[in-house]
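For reference, the chains in residue letters:
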Amino acid sequence: MNAGTKFAMGAVLIVGSVGYLMASGIKETGQYFLTPSELAQRASADPSFYNLGLKVGARVVPGTVEKETATQTLRFHITDGTVSYPVVFRGLPPDTFTDSVEVVVEGRLQKDGVIHATDVLAKCGSRYEAVPKA
Amino acid sequence: MTLLGHLSLWLAFLVGLWGAVTGFAGGLQGRVDLQRSARHAVFAMFGALALASICLETAIFRHDFNVEYVAAYTSRNLPTFYLWSALYAGQKGSLLFWATVLSLFAALAQLLTSGRHRVYLPFVAAVTCVVAAFFVSVMLFAANPFERLAFTPVDGRGMNPQLQNPGMVFHPPMLYLGYISITIPFAFAIAALLSKKLEVDWLVAVRKWTLVSWLFLAIGLLLGMWWAYVELGWGGYWAWDPVENAALLPWLVMTAFLHSVMIQEKRGMLKKWNLALIIGAWLLSIFGTFITRSGVIASVHSFTQSGVGYFFLVFLVVAAVASFTLYATRLPLLEAEAKLESMVSREASFLFNNLLFIGIAFSVLWGTLFPILSEWVQGTKVTVGPPFFNQVNIPLGLALLALTGIGPLIAWRRASLPNLRRQFAVPAVTGLFVFLILLVAGMRDVGALIAIALGGFVTATVIQEFGRGASARHRQYGEPLALAAVRLIGRNRRRYGGYIVHFGMVLLFVAFAGMAFKTETQATLRPGESATLRSPYGHLYTFTHLSISQYDALNRRVTAAFVDVSRDGKQVGRLKTEKRQHVDALGRNTFEPSTEVGIRSGLREDLYVVLGGLVNGTEQAVYRFTINPLVWWVWFGGYVLVAGGLIVLWPGGGPPAVRRTQAGYAVKLEAQR
Numbered sequence: 001m002n003a004g005t006k007f008a009m010g011a012v013l014i015v016g017s018v019g020y021l022m023a024s025g026i027k028e029t030g031q032y033f034l035t036p037s038e039l040a041q042r043a044s045a046d047p048s049f050y051n052l053g054l055k056v057g058a059r060v061v062p063g064t065v066e067k068e069t070a071t072q073t074l075r076f077h078i079t080d081g082t083v084s085y086p087v088v089f090r091g092l093p094p095d096t097f098t099d100s101v102e103v104v105v106e107g108r109l110q111k112d113g114v115i116h117a118t119d120v121l122a123k124c125g126s127r128y129e130a131v132p133k134a
Numbered sequence: 135m136t137l138l139g140h141l142s143l144w145l146a147f148l149v150g151l152w153g154a155v156t157g158f159a160g161g162l163q164g165r166v167d168l169q170r171s172a173r174h175a176v177f178a179m180f181g182a183l184a185l186a187s188i189c190l191e192t193a194i195f196r197h198d199f200n201v202e203y204v205a206a207y208t209s210r211n212l213p214t215f216y217l218w219s220a221l222y223a224g225q226k227g228s229l230l231f232w233a234t235v236l237s238l239f240a241a242l243a244q245l246l247t248s249g250r251h252r253v254y255l256p257f258v259a260a261v262t263c264v265v266a267a268f269f270v271s272v273m274l275f276a277a278n279p280f281e282r283l284a285f286t287p288v289d290g291r292g293m294n295p296q297l298q299n300p301g302m303v304f305h306p307p308m309l310y311l312g313y314i315s316i317t318i319p320f321a322f323a324i325a326a327l328l329s330k331k332l333e334v335d336w337l338v339a340v341r342k343w344t345l346v347s348w349l350f351l352a353i354g355l356l357l358g359m360w361w362a363y364v365e366l367g368w369g370g371y372w373a374w375d376p377v378e379n380a381a382l383l384p385w386l387v388m389t390a391f392l393h394s395v396m397i398q399e400k401r402g403m404l405k406k407w408n409l410a411l412i413i414g415a416w417l418l419s420i421f422g423t424f425i426t427r428s429g430v431i432a433s434v435h436s437f438t439q440s441g442v443g444y445f446f447l448v449f450l451v452v453a454a455v456a457s458f459t460l461y462a463t464r465l466p467l468l469e470a471e472a473k474l475e476s477m478v479s480r481e482a483s484f485l486f487n488n489l490l491f492i493g494i495a496f497s498v499l500w501g502t503l504f505p506i507l508s509e510w511v512q513g514t515k516v517t518v519g520p521p522f523f524n525q526v527n528i529p530l531g532l533a534l535l536a537l538t539g540i541g542p543l544i545a546w547r548r549a550s551l552p553n554l555r556r557q558f559a560v561p562a563v564t565g566l567f568v569f570l571i572l573l574v575a576g577m578r579d580v581g582a583l584i585a586i587a588l589g590g591f592v593t594a595t596v597i598q599e600f601g602r603g604a605s606a607r608h609r610q611y612g613e614p615l616a617l618a619a620v621r622l623i624g625r626n627r628r629r630y631g632g633y634i635v636h637f638g639m640v641l642l643f644v645a646f647a648g649m650a651f652k653t654e655t656q657a658t659l660r661p662g663e664s665a666t667l668r669s670p671y672g673h674l675y676t677f678t679h680l681s682i683s684q685y686d687a688l689n690r691r692v693t694a695a696f697v698d699v700s701r702d703g704k705q706v707g708r709l710k711t712e713k714r715q716h717v718d719a720l721g722r723n724t725f726e727p728s729t730e731v732g733i734r735s736g737l738r739e740d741l742y743v744v745l746g747g748l749v750n751g752t753e754q755a756v757y758r759f760t761i762n763p764l765v766w767w768v769w770f771g772g773y774v775l776v777a778g779g780l781i782v783l784w785p786g787g788g789p790p791a792v793r794r795t796q797a798g799y800a801v802k803l804e805a806q807r
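Residue numbers (the working numbering), protein chains in the order written: chain L, 1 to 134; chain C, 135 to 807.
These aren't lab readings, by the way, just hints derived from the structure by calculation.
Glycine included, every Cβ here is placed at the ideal spot set by N, Cα and C.
A portion of the hints provided could be inaccurate.
Said to hold, decoys possible - Derived contacts from chain C toward chain L, CB cut-off under 7 Å, selection only:
{"hint": "1", "residue": "E475"}
{"hint": "2", "residue": "A482"}
{"hint": "3", "residue": "G493"}
{"hint": "4", "residue": "S497"}
{"hint": "5", "residue": "V518"}
{"hint": "6", "residue": "S728"}
{"hint": "7", "residue": "T729"}
{"hint": "8", "residue": "V749"}
{"hint": "9", "residue": "V756"}
What the hints assert, rightly or not - Once the Cα atoms are required to be at most 30 Å apart in a straight line, the calculated DSS-like pairs of lysine-lysine come out as:
{"hint": "10", "chain 1": "C", "residue 1": "K473", "chain 2": "C", "residue 2": "K331"}
{"hint": "11", "chain 1": "C", "residue 1": "K406", "chain 2": "C", "residue 2": "K331"}
{"hint": "12", "chain 1": "L", "residue 1": "K6", "chain 2": "C", "residue 2": "K473"}
{"hint": "13", "chain 1": "C", "residue 1": "K330", "chain 2": "C", "residue 2": "K473"}
{"hint": "14", "chain 1": "L", "residue 1": "K6", "chain 2": "L", "residue 2": "K67"}
{"hint": "15", "chain 1": "L", "residue 1": "K67", "chain 2": "C", "residue 2": "K652"}
{"hint": "16", "chain 1": "C", "residue 1": "K473", "chain 2": "C", "residue 2": "K406"}
{"hint": "17", "chain 1": "C", "residue 1": "K330", "chain 2": "C", "residue 2": "K342"}
{"hint": "18", "chain 1": "L", "residue 1": "K27", "chain 2": "L", "residue 2": "K111"}
{"hint": "19", "chain 1": "C", "residue 1": "K652", "chain 2": "L", "residue 2": "K27"}
{"hint": "20", "chain 1": "L", "residue 1": "K6", "chain 2": "C", "residue 2": "K406"}
{"hint": "21", "chain 1": "C", "residue 1": "K710", "chain 2": "L", "residue 2": "K67"}
{"hint": "22", "chain 1": "C", "residue 1": "K473", "chain 2": "C", "residue 2": "K342"}
{"hint": "23", "chain 1": "C", "residue 1": "K342", "chain 2": "C", "residue 2": "K406"}
{"hint": "24", "chain 1": "C", "residue 1": "K652", "chain 2": "C", "residue 2": "K704"}
Assemble the whole structure, with the sequences as input and the hints as a guide.
This is the structure we're talking about:
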């Protein structure tokens, strides 16, 4: 067997493992990224969407944010204009979190209809741009 | 000033178009007058863009809030230091900064390229003019930094407090310098393809420029990591955010190129591959710009969603099609001069190294684009996060780390068994030894164990190389060993600088492995109350909340919390963490409160304290305490890496790499001369 063939085998091995790692990585760690409407639609059609780790991108409903600093619990509602969900998050929210900001909530929708968040990412219009003029 | 700035942009645009036309035409037809004109166009474009930048910076310093950009990103009470960085704090200004730096690099490429490589210059001028003119056109037609408002605000909105950090003053320009300077090697690659002068010459011209942008990008990435760590307060330095990935991608591809280029220099192999890498690295840099500026991929970093993205998307597609079409037509001229002779050879180890780099780059690209791809294919967005990137890249990274030790020591062409034994006996034993010590010490994290053991292996190879070289000089010239080691670096900077870069990478890997042992706790404390946290080394840290103090500073109201830290009952220091509410000159709040992290950095671990907030305005405070092992080594490894890169890059001295001989194998190129 010449060196070229052997090298090709090594290359196939590397490319194969990269492919395998990527496929299994996506399968094991991929999460749906949904809007509240999509989530409502999916969850009503397929109960497995309850208690499934996923991300929801939406806006915080102004005036719904309750911070309990003592227990570090944050409650708020998110909406995409049509469907809204209450969210509970225990932990420190990012600096950019306010009511009316765009957020990505990572967590699980429970049967009680509340999203129990494990992480909240806030996107202020953009971090590099100032707050847009009202 | 804004009129002058705007006119300068138009001038730069027109001159850029002229330079593109004359450069291509002059190069293809061999007309010297056109070639000279293209060269002058590059200088003129730099002049015009520098003038435009000065105009914008002047408007910023004069607090001319009638200019939309100045009003949007600065305020009267912004510290002077940040007035400088305001030039690239926003989308429009950073486009101007980008174009200016690109034209500067273009001018430098014209000035610094000497000798035989000058044949490529007309094409280089043309390509750089096209790219710069594109950036100027984005400003002219979609994002004019000199736009004026219909009214003049009393004060500007100020700079985002998270950008008011020394790291943010230097991180973007460094990253930009890296990103932008990739255009120069790319321009040389296109020049070589167009002129059909595809001998080794163009590679030599390109290698140093690639190294320059590789180094800037590395510095930019490291500064970005540092900024994220000290400023954002989430406790880490790398989050696999799309924008971070976008900067990592070209760096990975350039690292692959810097390795595979050696095979082309020494063996005349991999010509097609190397050209593709350079073109790919440049396209990835434009792709990164597109991602950052278009907002197509949800990222906490991105600029606001804007039409600018379409410009970049169109440019990216056109550039990709044009470059690869040209590349395809020249493929017959790029046949390899030699064949791979053995799997156990340096060539083979470099090829595997390249495959791994590209594999990592591909998986990062795939993961970054996956939300878009999955939406196209399935109609639902599926995202992958840090777990995906870690799961894929830890094994690949470890394989790469192993090759870092193997590649430099294995013989070219075909390694013999005695060669292998001579080179690898000591390092392999060292690595195994490190592995066993850690295992006995109780470390059970497989990834970290392997990473640190491989780190020991690679470090041993580096020390062995230095030791052998130095002792040879010691015997030959009677130099003391230390002096011999230093002279050794001077004699062959590329090789030994490369080893130093490798050692820096080892430190980085070990530091990354340390993060597997991060521990964290959150607590709500009254003054006098404590929280405890056990470090991975077994020490018990006690954090005691002392007091809160509130005061006004230059452009912010500060709430500072003080924490007393003791280790195993002994006091080791005091940490301060702040919440800052930035205000404008009239005392009104601007932006959301931002966090200043309290960090106590040590060789073994960092103590990292974040103030979450106060409970209903009392002195009761919410804290997050984190112990981050080995973070200091990330920064130190970064310094080592940069130092190694500078050693390789330093001009003059030592025999040029192409003329070197290795293991009795006279380099083919030498014979050609």
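Hints versus structure:
Because the beta carbon of E475 (chain C) sits about 6 Å from the nearest beta carbon in chain L, less than 7 Å, this interface hint is met. With 7 Å as the threshold, the beta carbon of A482 (chain C) comes within range of chain L, its nearest partner Cβ sitting at about 6 Å, so the hint holds. Restraint check, G493 (chain C) versus chain L: the minimum CB separation of about 4 Å is within 7 Å; hint holds. The closest approach between the C-beta of S497 (chain C) and any C-beta of chain L is roughly 5 Å, which is under the 7 Å cut-off, so the hint is satisfied.
Look at V518 (chain C): its Cβ gets to within about 5 Å of chain L, closer than 7 Å, so that hint holds up. The interface hint given for S728 (chain C) is met, as the beta carbon of that residue sits about 5 Å from the closest beta carbon of chain L, less than 7 Å. Taking 7 Å as the C-beta cut-off, the interface hint given for T729 (chain C) holds, the closest approach to chain L being about 6 Å. The restraint placing V749 (chain C) at the interface with chain L holds, with a minimum CB-CB distance near 4 Å, inside the 7 Å limit.
Because the beta carbon of V756 (chain C) sits about 6 Å from the nearest beta carbon in chain L, less than 7 Å, this interface hint is met. For the hint pairing K473 (chain C) with K331 (chain C), the CA-to-CA distance comes to about 22 Å; that is within 30 Å, so the pair holds. Distance hint between K406 (chain C) and K331 (chain C) is fulfilled; the C-alpha atoms sit about 14 Å from each other, no more than 30 Å. A distance of roughly 13 Å separates the Cα atoms of K6 (chain L) and K473 (chain C); the hinted pair therefore holds under the 30 Å criterion.
Our distance criterion of 30 Å between C-alpha atoms is met by K330 (chain C) and K473 (chain C), whose separation comes to about 23 Å. Restraint check for K6 (chain L) and K67 (chain L): not satisfied, since their Cα atoms lie roughly 62 Å apart, outside the 30 Å limit. For the hint linking K67 (chain L) to K652 (chain C), the alpha-carbon distance of about 27 Å falls within 30 Å, and the restraint holds. For the hint pairing K473 (chain C) with K406 (chain C), the CA-to-CA distance comes to about 14 Å; that is within 30 Å, so the pair holds.
Using a Cα cut-off of 30 Å, the hinted pair K330 (chain C) and K342 (chain C) holds, with the two alpha carbons roughly 21 Å apart. Under the criterion of a C-alpha separation no larger than 30 Å, the hint pairing K27 (chain L) with K111 (chain L) is consistent with the structure, at around 24 Å. Between K652 (chain C) and K27 (chain L) the CA atoms are separated by roughly 26 Å; this keeps the pair inside 30 Å, and the hint holds. Simply put, K6 (chain L) and K406 (chain C) have alpha-carbon atoms about 21 Å apart, close enough for the 30 Å limit, and the pair holds.
The straight-line distance between the Cα atoms of K710 (chain C) and K67 (chain L) is roughly 24 Å, inside the 30 Å bound, and the hint therefore holds. Straight-line distance between C-alpha atoms of K473 (chain C) and K342 (chain C) comes to about 26 Å, which keeps the hinted pair within the 30 Å bound. Taken as a hint, the K342 (chain C) and K406 (chain C) pair is honoured in the structure, with Cα atoms around 19 Å apart against an allowance of 30 Å. Distance restraint check for K652 (chain C) and K704 (chain C): the Cα-Cα separation of roughly 22 Å lies within the 30 Å cut-off, and the hinted pair is therefore satisfied.
Violated hints amount to a single one, hint 14; each of the other numbered hints is respected by the structure.
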